[in-house]
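Enquirer: From first to last, the protein sequence lines are chains A and B.
Heads up: the first sequence begins at 8 in my numbering, then just goes up one per residue.
Heads up: the second sequence begins at 8 in my numbering, then just goes up one per residue.
Hints may contain errors.
Identical copies go unnamed one by one, so any copy, or any two together, can satisfy a pair.
Calculated pairs, BS3-like style, for lysine-lysine (alpha carbon to alpha carbon, straight line, at most 25 Å) [said to hold, decoys possible]:
id: 1; residue 1: 425; residue 2: 55
id: 2; residue 1: 305; residue 2: 179
id: 3; residue 1: 305; residue 2: 445
id: 4; residue 1: 98; residue 2: 425
id: 5; residue 1: 445; residue 2: 314
id: 6; residue 1: 98; residue 2: 305
id: 7; residue 1: 445; residue 2: 23
id: 8; residue 1: 425; residue 2: 179
id: 9; residue 1: 361; residue 2: 145
id: 10; residue 1: 314; residue 2: 55
id: 11; residue 1: 145; residue 2: 55
id: 12; residue 1: 23; residue 2: 145
id: 13; residue 1: 19; residue 2: 133
id: 14; residue 1: 314; residue 2: 237
id: 15; residue 1: 237; residue 2: 428
id: 16; residue 1: 281; residue 2: 19
id: 17; residue 1: 425; residue 2: 314
id: 18; residue 1: 104; residue 2: 55
id: 19; residue 1: 104; residue 2: 418
id: 20; residue 1: 428; residue 2: 314
id: 21; residue 1: 145; residue 2: 98
id: 22; residue 1: 314; residue 2: 98
Hints were generated in silico from the structure; no laboratory data involved.
Small disclaimer: the values here were computed from a predicted structure and weren't measured.
Protein chains: 2
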Amino acid sequence: MRLSRYFLPVLKETPKEAEIISHQLMLRAGMVRQQAAGSYSWLPLGLKVLNKIVRIIEEEQNRSGAIQLLMPTLQSADLWRESGRYDAYGKEMLRIKDRHERDMLYGPTNEEMITDIFRGFVRSYKDLPLNLYHVQWKFRDEVRPRFGTMRSREFLMKDAYSFDLDEASAVKAYYRMFVAYLRTFHRMGLTAIPMRADTGPIGGNLSHEFIILAETGESAVFCHADLLDKPIPAIDTDFCGDLEPIFQDWTSLYAATEEMVDMPAFEADVPEHKRLSARGIEVGHIFYFGTKYSEPMKATVTGPDGKDVTVHMGSYGIGPSRLVPAVIEASHDEAGIVWPVSVAPFEAVVINLKVGDSASDSACEELYARLESEGIDVAYDDRDQGAGGKFATADLIGIPYQLIVGPRGLKEGMAEIKHRKSGERETLPIGDAVNRLKTLIIPQRRDAV
Amino acid sequence: MRLSRYFLPVLKETPKEAEIISHQLMLRAGMVRQQAAGSYSWLPLGLKVLNKIVRIIEEEQNRSGAIQLLMPTLQSADLWRESGRYDAYGKEMLRIKDRHERDMLYGPTNEEMITDIFRGFVRSYKDLPLNLYHVQWKFRDEVRPRFGTMRSREFLMKDAYSFDLDEASAVKAYYRMFVAYLRTFHRMGLTAIPMRADTGPIGGNLSHEFIILAETGESAVFCHADLLDKPIPAIDTDFCGDLEPIFQDWTSLYAATEEMVDMPAFEADVPEHKRLSARGIEVGHIFYFGTKYSEPMKATVTGPDGKDVTVHMGSYGIGPSRLVPAVIEASHDEAGIVWPVSVAPFEAVVINLKVGDSASDSACEELYARLESEGIDVAYDDRDQGAGGKFATADLIGIPYQLIVGPRGLKEGMAEIKHRKSGERETLPIGDAVNRLKTLIIPQRRDAV
Numbered sequence: 008m009r010l011s012r013y014f015l016p017v018l019k020e021t022p023k024e025a026e027i028i029s030h031q032l033m034l035r036a037g038m039v040r041q042q043a044a045g046s047y048s049w050l051p052l053g054l055k056v057l058n059k060i061v062r063i064i065e066e067e068q069n070r071s072g073a074i075q076l077l078m079p080t081l082q083s084a085d086l087w088r089e090s091g092r093y094d095a096y097g098k099e100m101l102r103i104k105d106r107h108e109r110d111m112l113y114g115p116t117n118e119e120m121i122t123d124i125f126r127g128f129v130r131s132y133k134d135l136p137l138n139l140y141h142v143q144w145k146f147r148d149e150v151r152p153r154f155g156t157m158r159s160r161e162f163l164m165k166d167a168y169s170f171d172l173d174e175a176s177a178v179k180a181y182y183r184m185f186v187a188y189l190r191t192f193h194r195m196g197l198t199a200i201p202m203r204a205d206t207g208p209i210g211g212n213l214s215h216e217f218i219i220l221a222e223t224g225e226s227a228v229f230c231h232a233d234l235l236d237k238p239i240p241a242i243d244t245d246f247c248g249d250l251e252p253i254f255q256d257w258t259s260l261y262a263a264t265e266e267m268v269d270m271p272a273f274e275a276d277v278p279e280h281k282r283l284s285a286r287g288i289e290v291g292h293i294f295y296f297g298t299k300y301s302e303p304m305k306a307t308v309t310g311p312d313g314k315d316v317t318v319h320m321g322s323y324g325i326g327p328s329r330l331v332p333a334v335i336e337a338s339h340d341e342a343g344i345v346w347p348v349s350v351a352p353f354e355a356v357v358i359n360l361k362v363g364d365s366a367s368d369s370a371c372e373e374l375y376a377r378l379e380s381e382g383i384d385v386a387y388d389d390r391d392q393g394a395g396g397k398f399a400t401a402d403l404i405g406i407p408y409q410l411i412v413g414p415r416g417l418k419e420g421m422a423e424i425k426h427r428k429s430g431e432r433e434t435l436p437i438g439d440a441v442n443r444l445k446t447l448i449i450p451q452r453r454d455a456v
Numbered sequence: 008m009r010l011s012r013y014f015l016p017v018l019k020e021t022p023k024e025a026e027i028i029s030h031q032l033m034l035r036a037g038m039v040r041q042q043a044a045g046s047y048s049w050l051p052l053g054l055k056v057l058n059k060i061v062r063i064i065e066e067e068q069n070r071s072g073a074i075q076l077l078m079p080t081l082q083s084a085d086l087w088r089e090s091g092r093y094d095a096y097g098k099e100m101l102r103i104k105d106r107h108e109r110d111m112l113y114g115p116t117n118e119e120m121i122t123d124i125f126r127g128f129v130r131s132y133k134d135l136p137l138n139l140y141h142v143q144w145k146f147r148d149e150v151r152p153r154f155g156t157m158r159s160r161e162f163l164m165k166d167a168y169s170f171d172l173d174e175a176s177a178v179k180a181y182y183r184m185f186v187a188y189l190r191t192f193h194r195m196g197l198t199a200i201p202m203r204a205d206t207g208p209i210g211g212n213l214s215h216e217f218i219i220l221a222e223t224g225e226s227a228v229f230c231h232a233d234l235l236d237k238p239i240p241a242i243d244t245d246f247c248g249d250l251e252p253i254f255q256d257w258t259s260l261y262a263a264t265e266e267m268v269d270m271p272a273f274e275a276d277v278p279e280h281k282r283l284s285a286r287g288i289e290v291g292h293i294f295y296f297g298t299k300y301s302e303p304m305k306a307t308v309t310g311p312d313g314k315d316v317t318v319h320m321g322s323y324g325i326g327p328s329r330l331v332p333a334v335i336e337a338s339h340d341e342a343g344i345v346w347p348v349s350v351a352p353f354e355a356v357v358i359n360l361k362v363g364d365s366a367s368d369s370a371c372e373e374l375y376a377r378l379e380s381e382g383i384d385v386a387y388d389d390r391d392q393g394a395g396g397k398f399a400t401a402d403l404i405g406i407p408y409q410l411i412v413g414p415r416g417l418k419e420g421m422a423e424i425k426h427r428k429s430g431e432r433e434t435l436p437i438g439d440a441v442n443r444l445k446t447l448i449i450p451q452r453r454d455a456v
């Protein structure tokens, strides 16, 4: 993408309304624009990151055996009356009347609708286990939306729903999502720790939150420091196999948010030098809730003995529109965002130090074309601007590698690569630049982990 | 994808509520499920087709120079009061009050919001031309939604918006979209004809509908038969170059829908043997409307002479959730859907005629694995069912190529490929099957056209 033809409205000033660093940086980097309270447009740079995050989530959901579909944003109130949640849900649910005065609502979650789909089609235990997920916009009418897309009213969510014949199978489904979530966050460059959680309005009796550590996190967390170094389940993990050992391994060490922490237990369980208290951001939440929805909504299958069995369910949420700021909270410096390659809007940017200089222009054009043809997601800063502004923009928007080309270096046949994260700079023959960038980038890609 | 683990709820009976063939087939093939009047869930098979259609649209939008962003589904009523459309739009607009009694609406289109984004960031004529698009769910509260996703209330739309300094540049932007649309529909296997159209509530003075021909189309169309054979602009079309000749070439021949047709003019313009009257479905609509929104909403830039100039705009819509049934209307037979490879949910299906037979199972597993590793989007029908049901399902859901493997053929080392469209069958050595499928499929892919 040539930046001269792109839509990248970076801001010089930090907007006053933004309280947290991710919100400030997303506005400054031209990633989002507020349209109403808690409602954002995703500008081109922000949308690219959001889409890369969604792709990682989808790949790991598919790998675990979940199947993607898509439910509409608006739902009929009748389904929610069946489960008893229509009146219970409170003012966060956006209630709507259509032109025929029918009660509808903008879905804040989809347990009812997916249960309705299930009971409409699935008849036999032979069709289980089944895990269906979608990635769709949802709406929760928070009294005071804040922190940009970290807590917006209209937000994107991946929500999966598992259906099993009994509790034992349902817990296996829970383990599959547990492992998929560990891999998902790891591939975005995040350190995510599963913590036993309250089930809240979703209900049920087994639940974990996935919390990523970030100095600017919203809540305090208390955990065993070894959780930071635990190996992540590998890409060839057999999701049809026994995942309980992985689950036990991860949950045997103490980890709790401030809402759930029992300080005496924390201190008893964890040796003092291993006690980690830090700040965290919730980025995922998984629930097993048995027959809470299948019972009132009569979602049953015929069991092996010919009798009807009410299915056991779980639900599993990740918020991609919240993960974008969460990654920024976990990875930034004074100059701006520091994207991991796996979710960066561009993997590299070619910076032309002197647009209009024919040697610079032709060298940059050639590098840009070669990087594109090698499949690198590359931007080309071909704007007629000073070098200082270009460096500041590249740093601010967090592109992992800057390939800097100008007349002075070109005279010697040299270019420079700046590593955004470490600040390291390397000068190298211009003919080596493409291969060098490939060597740096490809091992860090989302499909490489 | 193994069909034994997929969610593919095909129906044996044609649902009574479905009036048109595409709606019947989408329900029978397990592509969608109705959730409320005019509201559908996209089941896994349907979502795969929808996503492939969206990808083609995005690729052609990007190729033409348009830049993707994403606006929220809900909008503030205030923006629509600025343009004067809040009161004018009528009952099709779904009006909503949030918990603070603020007036909101579910966006039926986005001229106002994109104009607001534009005026918030763009200051200079140097930033033009600019074309911003998104693909987002929209809602129009039709009195009587019908025909499945062909005319649903919640529907997916790609809408692009162009901004230019003057009418001459705006018309060039219009030509770029005109050409992009010709390529877009062609890549989905559709014959789309641009027809001069009424501008309706969007307003403006230059507008074309893109109508695809289908026997079951909703409206009559009248055009010059040579439009069917016109060459489509090639993949290397220079969108920075002069596209007017292409526009003139396509619009010089008579073409009109029944609402716009002038029969005496049709008969005067078109020699009798070239007069085509057929049925058509509208799948895209483009508008140039000048300063209709930029004027009241004060979207201006500083011109070359330092004075403020009100920008000229156009908007350009395609409905992907409408295109899915439109492709089916244009391509089906008595046995079911006949997908073009470019949008087929799977490019091929391996049909195991005798699950449980060790020779069949191992041959199928190997073929399935090899096709996957060759990058073919392949399904494997490994369900423990009779051959008749498998053939019927493969035909119904319209997979372009069926690779049929069973014990009898295997004894001779042979398999069979059935071409869904022509009904042709070829028997070939099993070792040749993967290469033969690649030879058939790859040239028909969406990126090959």
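Enquirer: Since the copies are identical, ignore which copy is meant and state whether residue 314 and residue 55 lie within 25 Å (CA to CA) inside a copy, between copies, both or neither.
Expert: neither (50 Å within a copy, 35 Å between copies)
Enquirer: How do residue 23 and residue 145 come out at 25 Å by Cα distance, when the copy is not named: within, between, both, or neither?
Expert: Neither: 27 Å inside a copy, 32 Å across copies.
Enquirer: At most 25 Å between C-alpha atoms: does residue 98 with residue 425 qualify within a copy, between copies, both, or neither?
Expert: neither (50 Å within a copy, 56 Å between copies)
Enquirer: Measure nothing new, just compare the shortest in-copy and cross-copy C-alpha distances for residue 104 and residue 418 to 25 Å and report within, between, both or neither.
Expert: Result: close neither inside a copy nor across copies, 69 Å intra and 64 Å inter.
Enquirer: At most 25 Å between alpha carbons: which applies to residue 19 and residue 133, within, between, both or neither?
Expert: Between. Shortest inter-copy distance 19 Å satisfies the 25 Å Cα cut-off; intra-copy 60 Å does not.
Enquirer: Checking residue 145 and residue 98: alpha-carbon separation at most 25 Å within a copy, between copies, both or neither?
Expert: This pair counts as both: shortest intra-copy Cα distance 15 Å, inter-copy 24 Å.
Enquirer: At 25 Å max between alpha carbons, let me know whether residue 361 reaches residue 145 within a copy, between copies, both or neither.
Expert: For residue 361 and residue 145, neither the intra-copy (46 Å) nor the inter-copy (45 Å) Cα distance is at most 25 Å.
Enquirer: With identical chains treated as interchangeable, where does the CA-CA distance between residue 281 and residue 19 reach 25 Å or less: within a copy, between copies, both, or neither?
Expert: Answer is neither; intra-copy 42 Å and inter-copy 61 Å both fail.
Enquirer: Between copies, within a copy, both or neither: which fits residue 314 and residue 237 at Cα up to 25 Å?
Expert: Answer is neither; intra-copy 44 Å and inter-copy 62 Å both fail.
Enquirer: Go through the copies and call it for residue 428 and residue 314: within, between, both or neither, with a Cα cutoff of 25 Å.
Expert: neither (60 Å within a copy, 43 Å between copies)
Enquirer: Between residue 104 and residue 55, at a C-alpha cutoff of 25 Å, which is it: within one copy, between copies, both, or neither?
Expert: neither (35 Å within a copy, 31 Å between copies)
Enquirer: How would you classify residue 305 and residue 179 at a CA-CA limit of 25 Å: within, between, both, or neither?
Expert: within (23 Å within a copy, 58 Å between copies)
Hint compliance for this structure: hints 3, 4, 5, 6, 7, 8, 9, 10, 12, 14, 16, 17, 18, 19, 20, 22 are broken, all remaining hints hold.
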